[in-house]
Amino acid sequence: MSQIDVPLSRSGFGQTHRVDNWWIQPLAVFLGLAGFIVYATWAAFQGQHFRFGPYLSPFYSPELFGDPHQGWFGTRPSWIPAWVTGAILILWAPGGFRVTCYYYRGTYYKAFWADPPSCTVGEPRKKYLGERAFPLILQNIHRYFLYLALVFLIILARDVWNAFWFDGRFGVGLGTLVLMTNLVLLSCYTFSCHSLRHLVGGFRDRFSGAPTRRRVYDCVSCLNLRHMLFAWCSLFTVAFSDLYVRMCSMGVWRDWRIV
Amino acid sequence: MATATFRIWRGERSSGQFRDYTTEVAAGMVVLDAVHQIQAEQAVDLAVRWNCKAGKCGSCSAEINGMPKLMCMTRLNTLALDKPVTIEPMKAFPHVRDLVTDVSWNYEVKQRIPMFKPRPPDAPDGTWRIAQEDVERVQEFRKCIECYLCQDVCHVLREHQMHEQFIGPRFLVYAAALEMHPLDVGDRVQDLRTQFGIGLCNITKCCTKVCPEGITITDNAIIPLKERVVDRFFDPLSKLFRIFAGRKT
Chain A
1 MSQIDVPLSR
11 SGFGQTHRVD
21 NWWIQPLAVF
31 LGLAGFIVYA
41 TWAAFQGQHF
51 RFGPYLSPFY
61 SPELFGDPHQ
71 GWFGTRPSWI
81 PAWVTGAILI
91 LWAPGGFRVT
101 CYYYRGTYYK
111 AFWADPPSCT
121 VGEPRKKYLG
131 ERAFPLILQN
141 IHRYFLYLAL
151 VFLIILARDV
161 WNAFWFDGRF
171 GVGLGTLVLM
181 TNLVLLSCYT
191 FSCHSLRHLV
201 GGFRDRFSGA
211 PTRRRVYDCV
221 SCLNLRHMLF
231 AWCSLFTVAF
241 SDLYVRMCSM
251 GVWRDWRIV
Chain B
1 MATATFRIWR
11 GERSSGQFRD
21 YTTEVAAGMV
31 VLDAVHQIQA
41 EQAVDLAVRW
51 NCKAGKCGSC
61 SAEINGMPKL
71 MCMTRLNTLA
81 LDKPVTIEPM
91 KAFPHVRDLV
101 TDVSWNYEVK
111 QRIPMFKPRP
121 PDAPDGTWRI
131 AQEDVERVQE
141 FRKCIECYLC
151 QDVCHVLREH
161 QMHEQFIGPR
171 FLVYAAALEM
181 HPLDVGDRVQ
191 DLRTQFGIGL
201 CNITKCCTKV
211 CPEGITITDN
221 AIIPLKERVV
231 DRFFDPLSKL
241 FRIFAGRKT
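Same order as they appear, the protein sequences are chains A and B.
Quick note: the first sequence, position 37, residue 37 per my numbering, numbers continuous.
Quick note: the second sequence, position 120, residue 120 per my numbering, numbers continuous.
The hints are all genuine.
DSBU-like cross-link-like pairs, simulated, lysine-lysine; straight-line CA separation at most 35 Å: (1) B:Lys56 <-> B:Lys143; (2) A:Lys126 <-> B:Lys83; (3) B:Lys143 <-> B:Lys117; (4) A:Lys127 <-> B:Lys110; (5) B:Lys56 <-> B:Lys110; (6) B:Lys143 <-> A:Lys127; (7) B:Lys53 <-> B:Lys143; (8) A:Lys127 <-> B:Lys209; (9) B:Lys239 <-> B:Lys209; (10) B:Lys110 <-> B:Lys53; (11) B:Lys239 <-> B:Lys117; (12) B:Lys209 <-> B:Lys56; (13) B:Lys143 <-> B:Lys209; (14) B:Lys143 <-> B:Lys110; (15) B:Lys117 <-> B:Lys209; (16) A:Lys126 <-> B:Lys209; (17) B:Lys239 <-> B:Lys143; (18) B:Lys209 <-> B:Lys53; (19) B:Lys53 <-> B:Lys83; (20) A:Lys126 <-> B:Lys110; (21) A:Lys127 <-> B:Lys239.
Partial list, derived from the structure: chain A residues whose beta carbon lies under 10 Å from chain B: (22) Tyr102; (23) Thr107; (24) Ser118; (25) Cys119; (26) Lys126; (27) Glu131; (28) Ala133; (29) Ile137; (30) Asn140; (31) Ile141; (32) His194; (33) Asp205; (34) Gly209; (35) Ser221; (36) Leu225.
Please keep in mind that the hints were generated in silico from the structure rather than gathered at the bench.
Treat the numbers as computed from the prediction; the structure is a model and nothing was measured.
For each residue, glycine too, the CB sits at the ideal point set by N, CA and C.
Only chain A is shown next, with the shape it has when bound in the complex (with noise of 0.2 Å):
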């Protein structure tokens, strides 16, 4: 590879000549995810309260231990540990396809490992691997978590459909709407995701011929390029929803029904 004869000079961690807030965004970013990190990690580890009439809680999403007509494995086995709850079960599958996704790993690199903080700001080290060693080479299964993904969106749907019936009867409610309003964002986010670009077309040279392929790839390539909406967006509603069937569950807040 091609050599610099000059050396070149380095910032100091924070250094830099621009005179915009450039902390700001990488400041939000660090509360908005961690924010989110603690309310999950706090959540998963409840184990109750993520059922309220039809609802299910997105975290606790498939149920797998409950009672034997909802429970995807009937009552839950006496030898796994009480902490272990359904949501720990079930959520390194949506948490691995967002911690792999292509917008978060831009985005956390930056706010929480300060590599770089902004751009042009100087970082706190001067070792750099990058994502072609361990442990930032596994970011590139990113793919495999899309395909559980899509296989959570269709739960999630059957969720939604539940939400629909109360005791057997037709109905909307105010959680109804929350579910739906979770997994229409949660679908644009996945739908919205460049690995499924590639997927659905990206890996062709050519599309002539293939009309089908080009208006699909056409597609989540415009879903693609608000894929940041749809990573903040959905990261809310997948906590609201969880948070709205929680407080309902508890009887803080009254579920409105609509229909």
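Given the structure of chain A, go ahead and fit chain B onto it with the hints provided.
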């Protein structure tokens, strides 16, 4: 008439200092106008590289208030003129003098990327047929004016100085333009991983942010190339699928 102060880097070969110049500014001026005015009135020996003054030659790249920009496309009314405006040379390349850097490393890198290799001609007269929809994707990459602002802002080059291992966003765009070209049958995926260091990019999108041509470098060039590397080296299912489908693209 209003005045503004410009804090310009003066010196040779990495040694130097900022020097303040106050000059008159008028509506419609760009940073390069102010630099030329300072050059004409106060500092005749100020070295600055420029050519078209229209954002098409990519010569007047510099760092204005800490962000890589073209001096000819940065209007003064977009800057806070109540404080000195800093103008300094690009940091990712060896300094020559004042605002001028030696960007020849980029030319050497470009020569290392395997050239365009078209498939056999489609017609007996030695010509090819390409559908418009097939070239649309790579046309975006042809807008690049090689100003190297993306190279300058990339922290892999700028902060970690890994010029020997990483070709930078500009040449990942160049590689994408070749790799995704509907006529090209060359294969650069192995090189992208081993020689060109695509794994060093951590998707901060700074390159996209500074591109004066608005090329969506990260989303449309780098990430699709990363996905092609994943296809080849990290995804056994994809590899199997392509073997059974019996095609490269």
